[in-house]
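Participant: For this one, chain A is given, so just place chain B on it according to the hints.
From first to last, the protein sequence lines stand for chains A and B. Residue numbering for the first sequence follows the numbering used here, beginning at 26 and increasing consecutively. Residue numbering for the second sequence follows the numbering used here, beginning at 18 and increasing consecutively.
There may be inaccurate statements among the hints.
[Claimed, not checked] Result set (DMTMM-like, lysine to aspartate or glutamate): computed pairs, CA atoms no more than 25 Å apart in a straight line:
#, chain 1, residue 1, chain 2, residue 2
1, B, K201, A, E92
2, B, K71, A, E92
3, A, K209, A, E220
4, A, K84, B, D64
[Unchecked claim] Reference listing, derived: stretches of chain A covered by chain B, where coverage requires no fewer than 3 residues with Cβ under 8 Å from a Cβ of chain B:
#, segment
5, 74-87
6, 125-134
Simulated from the structure, these hints should not be mistaken for laboratory data. Here the structure is a predicted model, which means the values were calculated and not measured. Think of the CB as a built atom: it goes at the ideal place given N, C-alpha and C, for glycine as much as any other residue.
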Amino acid sequence: MKIILCLLISFVAGAQVLIKKNNNTYNVIKQKFDIKEFFVDYGKIKNINIIFSEDVVGKTFLYGKKEIKKEELDFFASIIADENGYTMVVRKHLNQIEIISTRDVRYKTNSLYSDIKNVPFNYNHVKFTMKLEYALANEVTRNMRPFMSRYGRIIDERNANTIIISDTARNIHRLYKLIKVLDKPAYVSRKLANEKFNTKHAFKKIKKESILNVLKDQHVLFIIAFSILGGIIGFGIANSLNRKKMEW
Amino acid sequence: MNKILILLLLPVLSYSKIKIVNGMVQPMKYENVSIESFLADYAQALDITLLSGKLSTKNKKVNFSISKELPLKSFKEMFLTILSSKGYAVVKDKSFSRVISSRDIRYGGGEFYTSSDFPRDDRYVMVFHELRNPLAHSIARNMRPFMSRYGRIINFNDGHSIVIHDRGDQIDKILGIMSKLDNKKSIQTLAKLGVKKKKKRYSLDSKSLDELKVEKLKLEEEILKRKIEKRSRQ
Chain A
26 MKIILCLLIS FVAGAQVLIK KNNNTYNVIK QKFDIKEFFV DYGKIKNINI IFSEDVVGKT
86 FLYGKKEIKK EELDFFASII ADENGYTMVV RKHLNQIEII STRDVRYKTN SLYSDIKNVP
146 FNYNHVKFTM KLEYALANEV TRNMRPFMSR YGRIIDERNA NTIIISDTAR NIHRLYKLIK
206 VLDKPAYVSR KLANEKFNTK HAFKKIKKES ILNVLKDQHV LFIIAFSILG GIIGFGIANS
266 LNRKKMEW
Chain B
18 MNKILILLLL PVLSYSKIKI VNGMVQPMKY ENVSIESFLA DYAQALDITL LSGKLSTKNK
78 KVNFSISKEL PLKSFKEMFL TILSSKGYAV VKDKSFSRVI SSRDIRYGGG EFYTSSDFPR
138 DDRYVMVFHE LRNPLAHSIA RNMRPFMSRY GRIINFNDGH SIVIHDRGDQ IDKILGIMSK
198 LDNKKSIQTL AKLGVKKKKK RYSLDSKSLD ELKVEKLKLE EEILKRKIEK RSRQ
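Chain A extracted, bound-state conformation (with noise of 0.2 Å):
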């Protein structure tokens, strides 16, 4: 009766649910969760399809306060999958959710904005395009690759003075700001300033060459200077040898 009683609650236990909702929010009931468990009860509350690409497999620790806003919901599975090295592929005109390694995320489309405003504030990989205005897209883009995310990618297009990036929808938000700030007027102006400067003030090298190499380019002069050496030492011997042979 008790290993009936015993299996009863394990059984119980087991199908327990992960997330509960209450009124507007919603309580993860463990401390420490498997991601899967998560996802499959995110499924349900959302009344999606969730399609694991892959073995899934990763653990979460939640401390403190375990309650979620109703609103919060989708940004917290976005963190799970982040945490864990995954990412959320979103397609609501089939109504399902894939979650795929991040590492993967090239192969898939994900949803391409042009407007921040429609830029979701979640750890999904989405793609986004800017056109800059005054500072050059190839400048930009290259100081911007030591912020980019493990698996976040930034091109530009040089003719249209555009930037493609695909990074978390967190990160561009980020990146978005920064491009911002410098795409401005003023960016040009000292830019050329700049540039006028470093041209006027170009570091001049002076070439040291030894005593070998002028003589080699100057033959005329060490010529001249080997005969003029030579006449002196000439008449300098002569002039000698005609006092000696005075006093002789």
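Facilitator: The following block gives chain B in isolation, referenced to the frame of chain A:
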């Protein structure tokens, strides 16, 4: 008897060591406490949601003591410093706080600020700074030794703009050094010494493929000429 003991022990186990009375953290001592239980205590005391992946437990014991009552703000700064010393960073996202390895902060952690307003604590932030004089290239290069382990600094071609990604207090120090270097005298010295030209990058961005081919042919011609000259001399 055992049941009563367990029942008595349960509240003690779930009890947080961190006590906050009227916004002041009470004196306490933490000795050889695992980082996970410290995080749990902190989140419970402040009633926040802390999130993390699996944390490494190797040499990650927390030791600290608070001898006097401490304002909550200072305690939060202390929390960030403790985590930073253990190789972790905190990223605040909406109503959640994520604890991540400091090494992973480059993958998108840290809010964007301008140099006039940014938090001067152990939080990782990205700060945009504008120099008064066009010295960005030399200053950014010279500041690299002063960056923290995972800090980054870049400059832009306008000569004034610098972006630093590092801990708030570290950036504060770096900006202090920068303000000393960013003056008219430095510009005069630079003009005297001369600006070194950057090495040309042979990329498709700067030159077209045809131009590169022509340059390559010219170089090959020059090499041939030199070879012929050498042979004639011999």
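Participant: Among the hints numbered above, which are violated by the structure, and what are their numbers in rising order?
Facilitator: Hints 1 and 6 are the ones this structure does not satisfy, whereas the remaining hints hold.
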